[in-house]
Amino acid sequence: MRRLDRYHRRSPKYSGDCVSYEIIQKVLPSGLTVILAPRQGTSIVSEVFVVRAGGRYETPEMCGISHFLEHMMSKGTKRRPTALDITREFDATGGEHNAFTSAEMMYFFLSADAIYTELIHDLLSDRILQSQFAPEAIESEKGVIIEEIRTSKDDVSANLAAHWFKLLYGNQPAGRDFIGTEKTIKAMRREHLRNYMEKLYVASNSAVCVAGRIPDPVRAFEDIEKFFAGMSRATPGLLMAPVVERQRKPALLLNPSPIGQASILLGVRTYGLTHPDHSVLRVIAALLGGYTSSRIYLELRERGLVYEAGMSIESQADIGDLAAYANLKKGHLIEGLRIIMYHYRSMAAGEFSEGEVRCAKSYLIGSRKMDLENSCDMAMDLAAQFALCGKALTFEERDRRIEAVTPADVQRVARDIFINEKLNLAIAGPYRRGLEEKIAKILSF
Numbered sequence: 079m080r081r082l083d084r085y086h087r088r089s090p091k092y093s094g095d096c097v098s099y100e101i102i103q104k105v106l107p108s109g110l111t112v113i114l115a116p117r118q119g120t121s122i123v124s125e126v127f128v129v130r131a132g133g134r135y136e137t138p139e140m141c142g143i144s145h146f147l148e149h150m151m152s153k154g155t156k157r158r159p160t161a162l163d164i165t166r167e168f169d170a171t172g173g174e175h176n177a178f179t180s181a182e183m184m185y186f187f188l189s190a191d192a193i194y195t196e197l198i199h200d201l202l203s204d205r206i207l208q209s210q211f212a213p214e215a216i217e218s219e220k221g222v223i224i225e226e227i228r229t230s231k232d233d234v235s236a237n238l239a240a241h242w243f244k245l246l247y248g249n250q251p252a253g254r255d256f257i258g259t260e261k262t263i264k265a266m267r268r269e270h271l272r273n274y275m276e277k278l279y280v281a282s283n284s285a286v287c288v289a290g291r292i293p294d295p296v297r298a299f300e301d302i303e304k305f306f307a308g309m310s311r312a313t314p315g316l317l318m319a320p321v322v323e324r325q326r327k328p329a330l331l332l333n334p335s336p337i338g339q340a341s342i343l344l345g346v347r348t349y350g351l352t353h354p355d356h357s358v359l360r361v362i363a364a365l366l367g368g369y370t371s372s373r374i375y376l377e378l379r380e381r382g383l384v385y386e387a388g389m390s391i392e393s394q395a396d397i398g399d400l401a402a403y404a405n406l407k408k409g410h411l412i413e414g415l416r417i418i419m420y421h422y423r424s425m426a427a428g429e430f431s432e433g434e435v436r437c438a439k440s441y442l443i444g445s446r447k448m449d450l451e452n453s454c455d456m457a458m459d460l461a462a463q464f465a466l467c468g469k470a471l472t473f474e475e476r477d478r479r480i481e482a483v484t485p486a487d488v489q490r491v492a493r494d495i496f497i498n499e500k501l502n503l504a505i506a507g508p509y510r511r512g513l514e515e516k517i518a519k520i521l522s523f
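Note that the numbering used here numbers the sequence shown so that position 56 is 134, with each residue one more than the last.
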């Protein structure tokens, strides 16, 4: 990833009918990146701390440590010794706070009225720099996470997603469920958390992203530099595990489940977020299942096969996938799979109109503009761009990349991704004899 220059990087303004956006990026002397997105017409400010860490930085023995660390960073600091001390102080603002862990990043956010901006800086930096990891809190949280693991096994959607990544990437970090296992969680110790954090929670590997009401960006940079002054300037001590892709033919993972519907993910491995054709993938996903008039959604609904269906597009820095998801009516699994495969083939054959492509592009641009109305979503989006791409693109540039997609691009990329060597199907639902043989006849381009 290209290192950001050590000066303010100001973007052209993105102008809508009612509001203007600007992205200002700077790398502080410590190496910490700060990204600001001031918004007019709002009283809310949202702040995200993001670090390149997560499931793909874990060994098998330490699987789940990132997610465990996320939990522990709300359990007490030097100045706020308990979780209650942290939450009670912020709850008085009426704001929102949460944290998330993924394969490639961890982020923590606070969102509240802008009059509490200094408190937000203080609370967020205190958790990042001064979390204590008390042994008794660690032991208590093990029970919480183990219950979370057990609950996720009863959640059909969560379980299906875990099986999907296992199907795509097998026994490597990208294929493991980074919530961990009961065995790895029980083995966690304070020194494990400290060691992991010291290796990754360093300034050059992190960013603070702020969106919303920022009346004085210069002061915002100064305040963030002050509050996060204690961040380590060391070089990151862990590297993200690369992915080895060995698939040569269509793959199926069937998870028998005593539920009436068949929940499926049927799709293909694609490209990472930094790939030049990522915008084309987004157009394909939208055209196939992004909105109520899109192809797969419309046909499955009109045939009465589903209530919920659509397309998902998962993008990490270097890998990705595109998949149709659906909860298919009992007894209609095969029919639903045939419909989805038909539409995949039609994309590769160029059987779509210029108007459909234009509609998909317009949908993507319009829905993103709606997302920008929420300062928290905006800050998290900027954080993800930093973690995965190394910089935040301007909103204009992202729109230009979507606008530039042509019908020829759509067919070219569809031909590249809709092939047997990339095709995968994960199913959770009722099982009957001979099902694999019936599916095998469908699961081919």
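Simulated from the structure, these hints should not be mistaken for laboratory data. In this text the structure is predicted, and so the values were computed from the model without any measurement. Fair warning: there could be bad hints in the mix.
[What the hints assert, rightly or not] In silico BS3-like links for lysine-lysine, alpha-carbon gap of 25 Å or less: (1) 327 to 500; (2) 231 to 277; (3) 277 to 304; (4) 469 to 277; (5) 156 to 220; (6) 156 to 327.
Cross-check of the supplied hints:
At most 25 Å may separate the alpha-carbon atoms for a hinted pair to count; residue 327 and residue 500 meet this at roughly 7 Å. About 31 Å separates the Cα atoms of residue 231 and residue 277, which puts this hinted pair outside 25 Å; it is violated. Using a Cα cut-off of 25 Å, the hinted pair residue 277 and residue 304 holds, with the two alpha carbons roughly 22 Å apart. Between the alpha carbons of residue 469 and residue 277 the distance comes to roughly 22 Å, so the proposed pair stays at or under 25 Å and holds.
As the CA atoms of residue 156 and residue 220 are separated by approximately 22 Å, the hinted pair is consistent with the 25 Å bound. For a cut-off of 25 Å, the pair hint linking residue 156 to residue 327 is broken: about 54 Å separates their Cα positions.
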